[in-house]
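Chemist: Keeping the supplied structure of chain A fixed, place chain B upon it in accordance with the hints.
One-letter residues, chain by chain:
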Amino acid sequence: MSKEVKEYITLFEEFFDEISKEELSAILSKIESRKYHGITVSDYLNSLDSNIDVLKDFYRHNEIITHFENSEHKNAPIPSSLTKGVIKGEHAQSIELGEFSTPVLLNDVQEFSSAGRNQAYYFPGGDNYGYRLAA
Amino acid sequence: MKTKGHHTLENRGNADRIKQPSLSKYKGEDDPHNPFLGEGYYFWDNNIGMAHEWGRIRYPTKGYYIFEGSLSLEDKFLFDLVGNRSDQIRIKELFKFFVAKTGKKDFDLAQFFEVLKFVVKYNPQKNINIFPYKYIRAVDNSKRTLDTIRFNMGKEPYTNLSPVYLICLFELNELALQRFFRIYPS
Numbered sequence: 001m002s003k004e005v006k007e008y009i010t011l012f013e014e015f016f017d018e019i020s021k022e023e024l025s026a027i028l029s030k031i032e033s034r035k036y037h038g039i040t041v042s043d044y045l046n047s048l049d050s051n052i053d054v055l056k057d058f059y060r061h062n063e064i065i066t067h068f069e070n071s072e073h074k075n076a077p078i079p080s081s082l083t084k085g086v087i088k089g090e091h092a093q094s095i096e097l098g099e100f101s102t103p104v105l106l107n108d109v110q111e112f113s114s115a116g117r118n119q120a121y122y123f124p125g126g127d128n129y130g131y132r133l134a135a
Numbered sequence: 136m137k138t139k140g141h142h143t144l145e146n147r148g149n150a151d152r153i154k155q156p157s158l159s160k161y162k163g164e165d166d167p168h169n170p171f172l173g174e175g176y177y178f179w180d181n182n183i184g185m186a187h188e189w190g191r192i193r194y195p196t197k198g199y200y201i202f203e204g205s206l207s208l209e210d211k212f213l214f215d216l217v218g219n220r221s222d223q224i225r226i227k228e229l230f231k232f233f234v235a236k237t238g239k240k241d242f243d244l245a246q247f248f249e250v251l252k253f254v255v256k257y258n259p260q261k262n263i264n265i266f267p268y269k270y271i272r273a274v275d276n277s278k279r280t281l282d283t284i285r286f287n288m289g290k291e292p293y294t295n296l297s298p299v300y301l302i303c304l305f306e307l308n309e310l311a312l313q314r315f316f317r318i319y320p321s
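Top to bottom, those sequences are chains A and B. Read left to right, the first sequence gives residues 1 to 135 (my numbering). Read left to right, the second sequence gives residues 136 to 321 (my numbering).
Okay, chain B solo, but in the shape it has when bound:
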């Protein structure tokens, strides 16, 4: 899958020195901006509006930059919670199994992804590779940016033409992130 990813950074007067996206880490329990899909490099999937919104909310004083990345994501390494029903079903079943085993029903998705990453790394010789992925894509349904259009006039069913997709790369490499350049301020 090829797409453009938008990435927002605080304006620290260093735009020309920024060569790569920032790694999002857990910063403590009280930080509201902890990463949704675990630790990684985050992009809005082709969504300049969300990049601006994030900048306005998160960096109201200093302002912000928006960078664009040319993303090339190999299907076999993409855990796609947006468009792959198999991946959606699998994460639900794995989580159900995890809760049955541990009783940790309050774990959120970000925490569960960290569990899966840990399982993969736990014993490389055993090759318990239940999560052979390098990036995740998910939709943020809490964002009520509903840009709806009905399938048929007079009928209720509709679709959303402006969903908010997040892409998280676990690590950077030139295959996945082929270009990274500033687009705001231009």
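Chain A extracted, bound-state conformation:
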């Protein structure tokens, strides 16, 4: 660790010495409540079921991948409207039903699949991204 970083860590340490546990807990809870990954997979999928346009939101797409990593969300219901096809987009500019040629299965998503439910794919790289929820 560089001298400069050590100095910053020392300053950070001073802050933790200064603030009470109660005050620290309160401010962290306040900041934590603002988290933008706050939506659950269940809520997300339900919102997809009612409004598929939400898929145009690239960032929500990323969030769902994030949330598959959380074991508590692995039993999220898959909406029937999404179990029959593939959804893809290019830079989130266009969303259409279609097929991807070279799906890549992420490890965390594979774990979801191995739970005996549905499959999800992620398509990184180039202009291709998207996911698939197939029965």
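Hints in this document: simulated from the structure, not taken from any laboratory. Treat each hint with caution, since some may be false.
Each computed DSSO-like pair below joins lysine-lysine, with the alpha-carbon atoms no more than 30 angstroms apart [claimed, not checked]:
hint : chain 1 : residue 1 : chain 2 : residue 2
1    : A       : Lys6      : B       : Lys239
2    : A       : Lys21     : B       : Lys160
3    : A       : Lys6      : B       : Lys231
4    : A       : Lys30     : B       : Lys240
5    : B       : Lys239    : B       : Lys261
6    : A       : Lys3      : B       : Lys236
7    : B       : Lys211    : B       : Lys269
8    : B       : Lys160    : A       : Lys3
The calculated label-pair distances, taken between Cβ atoms and stated as ranges, are [what the hints assert, rightly or not]:
hint : chain 1 : residue 1 : chain 2 : residue 2 : range
9    : B       : Asn181    : A       : Glu23     : 37 to 47 angstroms
10   : B       : Thr138    : A       : Ser2      : 35 to 45 angstroms
11   : B       : Arg317    : A       : Ser25     : 44 to 54 angstroms
12   : B       : Lys137    : A       : Glu32     : 44 to 54 angstroms
13   : A       : Glu32     : B       : Lys139    : 19 to 29 angstroms
14   : B       : Ala235    : A       : Ser2      : 46 to 56 angstroms
15   : A       : Glu23     : B       : Val274    : 32 to 42 angstroms
16   : A       : Phe16     : B       : Leu307    : 24 to 34 angstroms
17   : B       : Pro292    : A       : Ser25     : 43 to 53 angstroms
18   : A       : Ser25     : B       : Gly218    : 48 to 58 angstroms
Here's a subset of chain B near chain A, in silico, CB distances under 7 angstroms, partners left out [unchecked claim]:
hint : residue
19   : Arg225
20   : Glu228
21   : Gln246
22   : Glu249
23   : Val254
All C-beta atoms, glycine included, are put in the ideal place defined by N, C-alpha and C.
Modeler: Showing chain B alone in chain A's frame:
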């Protein structure tokens, strides 16, 4: 550092009355557009394509405006997660320390920046200034706008000529944002 920043706003029929960028705030847990780098004024760093994409995604019904800002960012106030390895290393070490102290390993970067801002403001007399910055620049690697070119023919290594950089100003001032004007629709 001088650069042009692109800023997208919803078309509310008020283009001529807009004199400054919009402040991005947290709008609640379910809002997918919460700011990536904490609260502030956001620009795409010289990226008109991303400004249009953001507008098309976020304002599909009403349409959008794109404004351009002439940004002049002082190095000493710029926390640069794009081009400054020291800043990248520092945020990692500070975050590691924060997690060890609090157990909050699930905090994201936006939340951690809010923690750092709070630390700076917590006790001005103590001057615990672990984050003496006025703006942040970061790259959004989730945007797969890979515009690649290989360094050498026949070799795998390549670079991306169209990375997506975000710039967040914590507050507005005429030194950092010297001009702000609409470029779309022209």
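Chemist: Please name the hints from earlier in the document that this structure breaks, with their numbers sorted from lowest to highest.
Modeler: 8, 10, 12, 13, 14, 18
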